[in-house]
Amino acid sequence: MNEKREILLSVKNMDVCFGKRRNRFKAVNNVSFDIYKGETFGLVGESGSGKTTIGRAIIRINPTTAGDVIFKGEKINGKISKELDRKVTRQIQMIFQDPMASLNERAKVDYIVSEGLYSGARLSDAERKAKVEKALMEVGLLPEFASRFPHEFSGGQRQRIGVARALIMQPEFIIADEPISALDVSIRAQVLNLLSELQKERGLTYLFISHDLSVMRFICDRIAVIHKGVLVELAETEKLFAHPLHPYTRALLSAIPLPDPAREKNKVLEVYDPTRHNYSIDKPEWVEVEEDHMVWANGAELAEYREMLKK
Amino acid sequence: MERAPILQVKDLDVKFNLRGRQLHAIRGVSLNLYKGESLAIVGESGSGKSVFVKTFMGLLDSNGWVDNGHILYNGEDLVSYTTERQWLQVRGREIAMVLQDPMTSLNPLKTIGAQIIEAIELHQDLHGEKARQEMLSILTDVGITEPERRAKQYPHEFSGGMRQRVVIAIAVACRPQILICDEPTTALDVTIQAQILKLIRNLKEKYELTTIYITHDLGVVANVADRIAVMYAGDIVEIGLCEEVFYDPKHPYTWALLSSLPQLGVKGEPLYSIHGTPPNLFYEVKGDAFAPRNPQALKIDFEKRPPYFEVSLTHKARTWLLDPRAPKIDPPEAVRKLATEGVKGYE
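Listed in order, the protein sequences are those of chains B and Y.
Position in the first sequence (from 1) plus 1 gives the number in our numbering.
Position in the second sequence (from 1) plus 2 gives the number in our numbering.
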């Protein structure tokens with residue numbers, strides 16, 4: 002991991018606001034991170050923390066209020082040219098949480114999977130069909146399935162259709178928003194394996210958004226923790242689990258249910274109290290506390306975290 | 003551990019009529035629930051775990067019925083109940099339930115205080131000021147601060163975790179013997195989930211409840227259960243003490259379930275996954291229901307349904323592997339690792 006890593010996507014001081022004037026609500030607040038080519042970057046947080054909004058802002062579904070999103074050296078947020086917009090929609094794809102809700106009930110799999118292809122250069126019907134077949138095979142489905150409707154499939158199969166729909170565009174970067182949360186334990190493993198296989202074969206880069214830290218630990222190279230629209234900590238996965246610094250990260254890690262009764266029944270819960278931070282004079286910043294380990298802290302806290310790392 | 007069963011289920015069969023076809027949802031399940039214990043029923047969606055407990059409260063959908071078997075509670079057979087009036091004696095008062103989604107299980111048009119008082123008046127026969135005092139004390143019990151003010155609020159003014167606390171308060175206000183929690187924390191965030199589980203455990207002590215948890219999350223199970231029943235295709239395939247099922251599982255389905263946990267996976271390698279799908283219960287299942295998905299299934303697994311084999315006094319499993327004549331098959335590596343090393347925690 003130490004060779005020079007190429008940055009694929011970089012988010013800089015991004016804000017996303019909803020509503021106008023008095024109802025204005027800042028869902029994402031001054032968020033910055035880089036995603037390297039070929040890695041799986043995890044974004045973890047509770048519901049309402051803004052993790053999905055970040056994903057949607059990158060793919061241009063939600064407009065950003067401030068800051069930059071830079072994809073392969075080009076700014077892709079705000080006003081951009083039509084060609085760039087088309088390029089972005091091709092190269093960044095999304096996989097959604099609920100395979101029951103995210104597939105068009107009235108369309109056949111054939112159309113669902115190839116819908117994205119209609120936007121670019123026109124393909125002949127035969128070419129399109131061939132592409133659909135190939136995409137279906139790649140996610141472990143049979144080409145015959147193309148003529149069926151979504152309701153004929155189980156949850157795991159539907160999620161595979163969702164993956165095929167993303168793959169057919171030959172993207173470089175996939176945003177997976179809770180791709181396995183709605184699935185059963187045994188099906189989860191299948192979809193997780195599929196995602197990592199595809200990554201190996203095609204050198205894909207993933208932004209994996211989830212609230213489930215045990216899944217993230219298994220699949221992600223680096224994890225960023227978000228709380229109420231603010232990134233509080235970012236580190237390599239094992240580093241984060243070994244030395245969580247920010248109190249919110251620690252509370253989150255201590256709450257993960259572990260499938261091991263001996264550990265689980267004796268675990269100590271840490272509760273996060275946001276009032277513990279005194280940010281009135283000493284303002285917090287997004288700073289690097291050690292190599293590849295970012296944390297949201299003010300001067301006093303930073304000193305404290307450095308002290309903790311020494312131990 | 004000689005304890006009297008509070009609820010006994012014997013050879014229960016539940017069937018549903020769906021578009022003229024019969025679905026055999028529960029296939030001959032027997033279970034003893036002991037007083038004061040905490041039992042977790044684990045299984046995938048469609049394994050019948052929710053249907054199973056719904057029969058205890060007479061809450062099956064109208065196209066479903068108990069085809070065979072008995073549910074003995076307080077010397078009465080609940081299966082023989084036919085009228086709503088009979089069921090009302092059991093529902094809430096004896097057996098109460100907390101459902102998965104706190105967004106939908108409260109009445110949006112009534113203050114939460116009124117909803118709790120309703121349960122108190124009905125089941126504890128307290129009225130007026132007494133009922134109000136009781137309501138406030140229950141709200142405090144479930145960890146809601148400023149109960150006076152909060153009682154006057156409506157469900158939409160509460161967060162998800164707080165709403166689930168209210169739902170639990172209503173269930174407890176009925177002073178039940180048995181509390182059934184059907185996926186109580188699936189809709190909640192992890193930090194809130196941990197708090198709610200702790201709350202249910204505290205209430206269980208305080209009100210001397212017997213609890214049944216229904217969940218698919220093995221992490222939650224490890225936290226709350228004294229005993230675990232693993233359900234697959236409408237049958238309990240393995241049941242035992244929490245430690246027995248986690249550290250010494252015997253049924254191949256339990257093995258598969260544990261091995262597919264990401265916590266036990268090795269990073270960079272594929273995670274163990276179960277192939278295929280559960281059997282279609284419209285058709286009679288022959289042999290071991292899990293056999294078609296089990297790569298190591300024996301010949302007899304496809305032919306004859308295995309009986310329960312006792313592993314210990316508290317632990318039994320329905321698999322031919324426990325028959326003395328069966329070849330010795332070791333559990334997968336991940337499962338053995340769980341028993342020897344446990345899972346990685348943090349720090």
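A few of these clues could be false.
Examples of chain B residues toward chain Y, derived with CB under 8 Å [what the hints assert, rightly or not]:
hint, residue
1, Leu-143
2, Val-186
3, Ser-187
4, Pro-248
5, Ala-252
6, Pro-258
7, Arg-264
8, Glu-265
9, Asn-267
10, Val-269
11, Asp-274
12, Pro-275
Result set (DSSO-like, lysine-lysine): computed pairs, CA atoms no more than 30 Å apart in a straight line [to be verified]:
hint, chain 1, residue 1, chain 2, residue 2
13, B, Lys-266, Y, Lys-208
14, B, Lys-240, Y, Lys-208
15, Y, Lys-339, B, Lys-266
Label-pair distances were calculated between CB atoms; the ranges are [claimed, not checked]:
hint, chain 1, residue 1, chain 2, residue 2, range
16, Y, Ser-64, B, Ser-148, 30 to 40 Å
17, Y, Leu-20, B, Ser-148, 23 to 33 Å
18, Y, Asp-103, B, Gly-141, 51 to 61 Å
These are calculated hints, taken from the structure and not from any lab test.
Small disclaimer: the values here were computed from a predicted structure and weren't measured.
By construction, the Cβ of each residue, glycine as well, lies at the ideal position given by its N, Cα and C atoms.
Is the interface hint satisfied for Pro-258(B)? The criterion is a beta-carbon contact with chain Y at less than 8 Å. holds, 3 Å
Hint says 30 to 40 Å; check whether the CB-CB distance for Ser-64(Y) and Ser-148(B) agrees. holds, 36 Å
Regarding Asp-103(Y) and Gly-141(B), is the given constraint of 51 to 61 Å on their beta-carbon distance met? Because 32 Å falls outside the window, the suggested range is violated.
Agreement of Lys-240(B) and Lys-208(Y) with the hint, judged by alpha carbon distance not exceeding 30 Å: Roughly 41 Å separates the two Cα atoms, so the pair is violated.
Under 8 Å is the threshold here; is the Cβ of Arg-264(B) close enough to any Cβ of chain Y for the hint to stand? holds, 6 Å
Can we keep the Leu-143(B) interface hint, with Cβ of chain Y closer than 8 Å? Interface hint status for Leu-143(B): violated (14 Å vs cutoff 8 Å).
Interface hint check: Pro-248(B), Cβ to nearest Cβ on chain Y, cutoff 8 Å. Holds or violated? Since chain Y brings no Cβ nearer than about 12 Å to Pro-248(B), farther than 8 Å, the hint is violated.
Taken at face value, is the distance from the CA of Lys-266(B) to the CA of Lys-339(Y) at most 30 Å? Holds. Lys-339(Y) to Lys-266(B) sits at ~19 Å (cutoff 30 Å).
Agreement of hint Val-269(B) with chain Y interface, Cβ distance less than 8 Å: violated, 10 Å
Determine whether the Cβ-Cβ distance between Leu-20(Y) and Ser-148(B) falls within the hinted range of 23 to 33 Å. holds, 25 Å
Holds or violated: is there a CB of chain Y closer than 8 Å to the CB of Val-186(B)? holds, 6 Å
With 8 Å as the cut and Cβ atoms as the points, is Pro-275(B) at the interface with chain Y? violated, 12 Å
Violation of the numbered hints given earlier is confined to hints 1, 4, 9, 10, 11, 12, 14, 18; the remaining hints are satisfied by the structure.
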